Amino acid sequence: MEKNRKYKVTFNMALFLIWVVIFAAIALGSPSFLKPAYIINVMFRNIVEIGMAALPMTLIIITGGIDLSVGNIMILSAMMGGMAAAGMGTGAGIIVTILTGGICGLVNGIIIAKAKISEMVTTLATMYLFLGLARGISHGDSVYSYDFTNFFGNTSIAGIPLQIWIYVILAVFFIILLGKTTFGRKLYSIGLNKNATKYSGVNTDKMQILIYVICGLICALAAFIWLGRFTSVKYDAGTSFNLKVITVVVLGGTSINGGIGDMKGTVLGTLIIATLNSGLTVLNIPIDVQTIVQGVVLMIALIAYAFVNSKAKKKKIIAVSAKQISESQV
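With the first letter of the sequence shown counted as 1, position 156 gets the number 156 in the working numbering; the numbers rise by one all the way through.
Treat the hints as calculated values from the structure; they're not laboratory data. Treat each hint with caution, since some may be false.
[As the list claims (entries may be wrong)] In silico SDA-like pairs for lysine to any residue, Cα to Cα no more than 20 Å straight-line:
hint: 1; residue 1: 35; residue 2: 157
hint: 2; residue 1: 114; residue 2: 179
hint: 3; residue 1: 234; residue 2: 137
hint: 4; residue 1: 198; residue 2: 118
[Unchecked claim] What follows is a list of derived Cβ distance ranges for each label pair:
hint: 5; residue 1: 173; residue 2: 17; range: 22 to 28 Å
hint: 6; residue 1: 180; residue 2: 284; range: 41 to 47 Å
hint: 7; residue 1: 90; residue 2: 17; range: 23 to 29 Å
hint: 8; residue 1: 173; residue 2: 106; range: 17 to 23 Å
hint: 9; residue 1: 203; residue 2: 88; range: 53 to 59 Å
hint: 10; residue 1: 289; residue 2: 169; range: 24 to 30 Å
hint: 11; residue 1: 236; residue 2: 92; range: 23 to 29 Å
hint: 12; residue 1: 13; residue 2: 88; range: 47 to 53 Å
hint: 13; residue 1: 151; residue 2: 114; range: 34 to 40 Å
hint: 14; residue 1: 199; residue 2: 154; range: 22 to 28 Å
hint: 15; residue 1: 46; residue 2: 95; range: 25 to 31 Å
hint: 16; residue 1: 13; residue 2: 199; range: 36 to 42 Å
hint: 17; residue 1: 29; residue 2: 156; range: 26 to 32 Å
hint: 18; residue 1: 203; residue 2: 30; range: 48 to 54 Å
Just so it is clear, the structure is predicted and the values come from calculations on it, not from any experiment. C-beta: ideal position from N, C-alpha, C; glycine also.
Use the sequences and the hints to build the structure in full.
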């Protein structure tokens, strides 16, 4: 167990070193990148929604699942809430946004858990469903922000935007949830061997539904921030959002096959992508080259992780099984 923990720290340290190298290289090319105002208001602020969605996405991928609809859930929630606020007031906008995100997540979870349709097929279908709904209800027009979303988008505490504080709080919560609770251990167990976990007494269907609902609710929270930052939103704004979220999670060391992952790694992956996005832009690097650079960084992280993925998974199986046996004897 101690060896497994030691490796996890080592991998996260490697990610941190990658970030330091990237940050230093960009700072050498553009000293203005080091200005605190730029780091806070551009680098960190522009990645908040992706970082938020990556937290529950980590839970989903650890179970062996995936959600290709997160961006569309966020945009649909923002549009539904914005339209409700315009017609019925701020309170209605808040409630409708949260309900939309939760219901979208519930739909994904029920289809996956109860209908036994694969996560990729299900969320690919709902991605287009939510996209179509967003276009239909808005007739292709933009939906605008309202008082509550403007509060999320423009408020600062101690000179740091509110949305960054929200992300930090969520990150700490999810790190504890995954790494320090029975709930987190059950998620690892589902990803390693779903059938064995089910036969051990864990309600795997309930767990799957719950994490998709959590993901939908976090996307709804991100919708408030997105609408507040941009003041308006169109139905297709989340088209590229889904793959960016998955990229952050995979970059952080979470195995797409399930059973292996680390929430701290996801946070570091978010930090790396945030630095690349803002840094390459400030260096006036063409967008095509930016995409290539991000792909290279992701491949480097995946290759490094592949060397130990198999051993780490075996150790995790032993650790989770031992923990379950210990708990069953209590």
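Going down the list of hints, with the structure as the test:
1. 35 to 157: 19 Å, holds
2. 114 to 179: 27 Å, violated
3. 234 to 137: Holds, at roughly 11 Å.
4. 198 to 118: Status holds; Cα separation ~17 Å.
5. 173 to 17: 22 to 28 Å: The hint (22 to 28 Å, Cβ to Cβ) holds, given that residue 173 and residue 17 are roughly 26 Å apart.
6. 180 to 284: 41 to 47 Å: Check passed, 44 Å falls within 41 to 47 Å.
7. 90 to 17: 23 to 29 Å: Roughly 45 Å apart at Cβ, these two residues miss the hinted range, so it is violated.
8. 173 to 106: 17 to 23 Å: 21 Å, holds
9. 203 to 88: 53 to 59 Å: 38 Å, violated
10. 289 to 169: 24 to 30 Å: 35 Å, violated
11. 236 to 92: 23 to 29 Å: Given about 25 Å between the Cβ atoms, the range holds.
12. 13 to 88: 47 to 53 Å: 51 Å, holds
13. 151 to 114: 34 to 40 Å: At roughly 38 Å between Cβ atoms, residue 114 and residue 151 fall inside 34 to 40 Å, so the hint holds.
14. 199 to 154: 22 to 28 Å: Between residue 199 and residue 154, where Cβ atoms are some 52 Å apart, the hint is violated.
15. 46 to 95: 25 to 31 Å: 28 Å, holds
16. 13 to 199: 36 to 42 Å: At roughly 37 Å between Cβ atoms, residue 199 and residue 13 fall inside 36 to 42 Å, so the hint holds.
17. 29 to 156: 26 to 32 Å: Since residue 29 and residue 156 have Cβ atoms about 29 Å apart, the given range 26 to 32 Å holds.
18. 203 to 30: 48 to 54 Å: Holds, at about 52 Å.
Checked against the numbered hints listed earlier, the structure breaks hints 2, 7, 9, 10, 14; every other hint is satisfied.
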